[in-house]
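Asks: The residues making up each chain are set out below.
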Amino acid sequence: MNLKRVVITGLGTINPLGHNVPEFWENLKAGVSGAGPITRFDASKFRTQFACEVKNYEPTEYFDRKDVRKMDLYSQFALICSREAVKDAGLDFSQENRKRIGVIWGAGIGGLDTFYEECKTFALGDGTPRFNPFFIPKMIANMGGAMIAIEEGLKGPNYTTVSACASSAHSLVDALNLIRLGKADVIIAGGSEAAITPPGVGGFNSMKALSTRNDDPKTASRPFDADRDGFVIGEGGACLIVEEYEHAVKRGAHIYAELAGGASNCDAYHMTAPDPNGEGAADVMLLAVEDAGLNTKDVDYINVHGTSTGLGDVAEPKAIQKAFGEHAYELNISSTKSMTGHLLGAAGALEAIACVLAVKNNIVPPTINFSNLDPELDPKLNFTFNKAQEKEINVAISNTFGFGGHNACVVFKK
Amino acid sequence: MSDIQNRVKAIIVDKLGVDESEVTPGATFTNDLGADSLDTVELIMELEKEFNITIPDDQAEKIATVGDAIAYVEANAQ
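Listed in order, the protein sequences are those of chains A and B. Just so you know, we're using our numbering here: the first sequence kicks off at 1 and counts up by one. Just so you know, we're using our numbering here: the second sequence kicks off at 415 and counts up by one.
If you're looking for bench data, these hints aren't it; they were derived computationally from the structure. You may find that some hints are simply not true.
[As the list claims (entries may be wrong)] Here are the simulated lysine-lysine pairs, DSS-like style, with alpha carbons at most 27 Å apart: (1) B:K423 to B:K476; (2) A:K414 to A:K29; (3) A:K120 to A:K45; (4) A:K250 to A:K155; (5) B:K463 to A:K120; (6) B:K429 to A:K87; (7) A:K155 to A:K55; (8) B:K423 to A:K66; (9) A:K322 to A:K87; (10) A:K45 to A:K29; (11) A:K380 to A:K322; (12) A:K360 to A:K387; (13) B:K476 to A:K120; (14) A:K66 to B:K429; (15) A:K360 to A:K4; (16) A:K155 to A:K183; (17) A:K66 to B:K463; (18) A:K120 to A:K218.
[Stated by the list, open to error] To list a few chain A residues with every Cβ distance to chain B over 12 Å, as calculated: (19) F134; (20) G153; (21) K183; (22) E392; (23) K414.
Small disclaimer: the values here were computed from a predicted structure and weren't measured. Glycine included, every Cβ here is placed at the ideal spot set by N, Cα and C.
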C-alpha cells in the first residue's frame, strides 16, 4: 500500500501574541513577550501573579452571547482558530465530502474553569446538587473538537488526544497517519487550552513548575538561561489544516509545507521529570526524521519544547546532541515559549505553526530573554538567542514533551 | 404586567438568548424559542433559584410554554 503525501494548507491561531496568524508571526519574529499580570482572577495570594493571557479577548466578537455560556474558554479558542485555518485554506465544505473530513484536537486539561466554578458552587452550598446541565459537556476535553465538527457538519474521524503538553503534537501525528492511510482527505488538527485559573496556576505553583519572577513578567520565560526559574503559563488555540496532497492540488490550494513525518514515544521514567539523559527525546526525534524519509543532516531548525524549567532545558539539548551528533552545531534551535509562554495542550500545534512559517519564510524565530547560558549547556549550540535569524529552512522539526513522559515530534519540509 | 411575569421573561431572554418580543405567553421553549433539552433543564433550575422554589421533575416536564412557566411560579412562589 502506498502511503499518501500530506501537506499543510491552512493555519489559524489565537494566542498571547495575537488573535490571528499574521499578528502572531509579526510578534514572534520581533521577539515580543506575551506575558503580563494575571487579569482572569485575583492572583494576589498566588506565588505566581503573571501569565501569558490572550489579550483583549471579547467572546461576543466571535459568538452569540447564548453560545458563549455553553462553551468553556478552551472550546471558544478551538472554534476561533479553526475558523481562521479553514478560511485560510480556502476550504468550501459544500464542495467536499464531509464524511472524508475529520477533526483531531488536542487538549491537555480541557474545561478546567468550568469544572472549578461548578464544584465551587456545590462546595459553598448546603449539599444540594445544583450542577448546571451544561457542566459536563462544557468541561470534557473532547468537546472543543466536537464543536468544530458540529459547526461545519464534518463527519469524518473525530477524537481528542490527551498527553498533557504533547497533546496537540499527537493530534498532528495522528492526522498525518490517518491521511497517509487514505482514511480522510482533510483533518482539522490542533489544540487549545485555557488553564489560567486558580486551580491551574495554584496546581502548577505547588509543583514549583512556574516562574515566580513577579517583578518582571516579560523576562520570566527564559529558556536555557542560567537564571530561569520555571515556565510561564499561556493559553489559546492553534490549528493546522492537514490535507492529502492530491486533494490539495486538485482544488488549487495554497500549500505552506509538507507534513513529512511524525513520531511519538514515552520516557517511562517519572510522572513529571524528564529522563535526565534525554533518551526518549533523542529517540523520538530520530524516529520522526526517519518517518519523514530524511536524514538528521537535513534538519535546519528545531523548535524545541524548551519550557524554561530547570531539568527539561538541560535534558533536551543533550538529546539533540545525542540524536544529531556534529550536525547539532549546524542547525538552529529556538524556544518560542520564551515569547508565547507555555500553552500546554495547545503548545505542540502553535509551535508547529512556527515551524511551518519558518519553512515558508526562511526565518527562525528567536529564543528571547537570554543573558547567561546555563553552564551545563554546550555554548557551541545555536539557540537563536534574542534575535530572529534569516536562513534557508528546508526542514524544521517541532518537539513537544508532556507530563507522564509523553514525547512527540513532527517534521515539516518545503 | 406583574413582577413575576417580568422576572420569568428576563430569565428566558437571558438563558435562551432570544429577543424579548419573542417571549409571548404561548411561545413554546423547544419549538418557538430554540431551546434544546439541556437549555430547558437550565431554565427550570434558574426559575428555582430566582423564586426559591423546588420544581419536581414531573411538574417540570409539563412546563412547555412561557405561560406555563409564569403560571407555575405564580401558583408556587412564596
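Asks: Hints first: check each against the structure and report whether it holds.
Replies: Results of checking the hints against the structure:
1. B:K423 to B:K476: holds, 18 Å
2. A:K414 to A:K29: holds, 20 Å
3. A:K120 to A:K45: holds, 18 Å
4. A:K250 to A:K155: Within the cut-off at roughly 21 Å; holds.
5. B:K463 to A:K120: Satisfied, since the Cα-Cα distance of roughly 17 Å is no more than 27 Å.
6. B:K429 to A:K87: violated, 31 Å
7. A:K155 to A:K55: Roughly 33 Å separates the two Cα atoms, so the pair is violated.
8. B:K423 to A:K66: Satisfied, since the Cα-Cα distance of roughly 15 Å is no more than 27 Å.
9. A:K322 to A:K87: violated, 41 Å
10. A:K45 to A:K29: Since the Cα atoms of K45 of chain A and K29 of chain A sit roughly 35 Å apart, the hinted pair is violated (cutoff 27 Å).
11. A:K380 to A:K322: Holds, at roughly 14 Å.
12. A:K360 to A:K387: holds, 18 Å
13. B:K476 to A:K120: violated, 31 Å
14. A:K66 to B:K429: Satisfied, since the Cα-Cα distance of roughly 7 Å is no more than 27 Å.
15. A:K360 to A:K4: Status holds; Cα separation ~22 Å.
16. A:K155 to A:K183: It holds: about 12 Å lies between the C-alpha atoms, which stays within 27 Å.
17. A:K66 to B:K463: Roughly 19 Å separates the two Cα atoms, so the pair holds.
18. A:K120 to A:K218: Between K120 of chain A and K218 of chain A the Cα gap is close to 32 Å, so the pair fails against 27 Å, i.e. violated.
19. F134: violated, 6 Å
20. G153: Answer for G153 of chain A: holds, closest chain B Cβ roughly 17 Å.
21. K183: holds, 31 Å
22. E392: holds, 52 Å
23. K414: holds, 47 Å
Checked against the numbered hints given earlier, the structure breaks hints 6, 7, 9, 10, 13, 18, 19 and satisfies all the rest.
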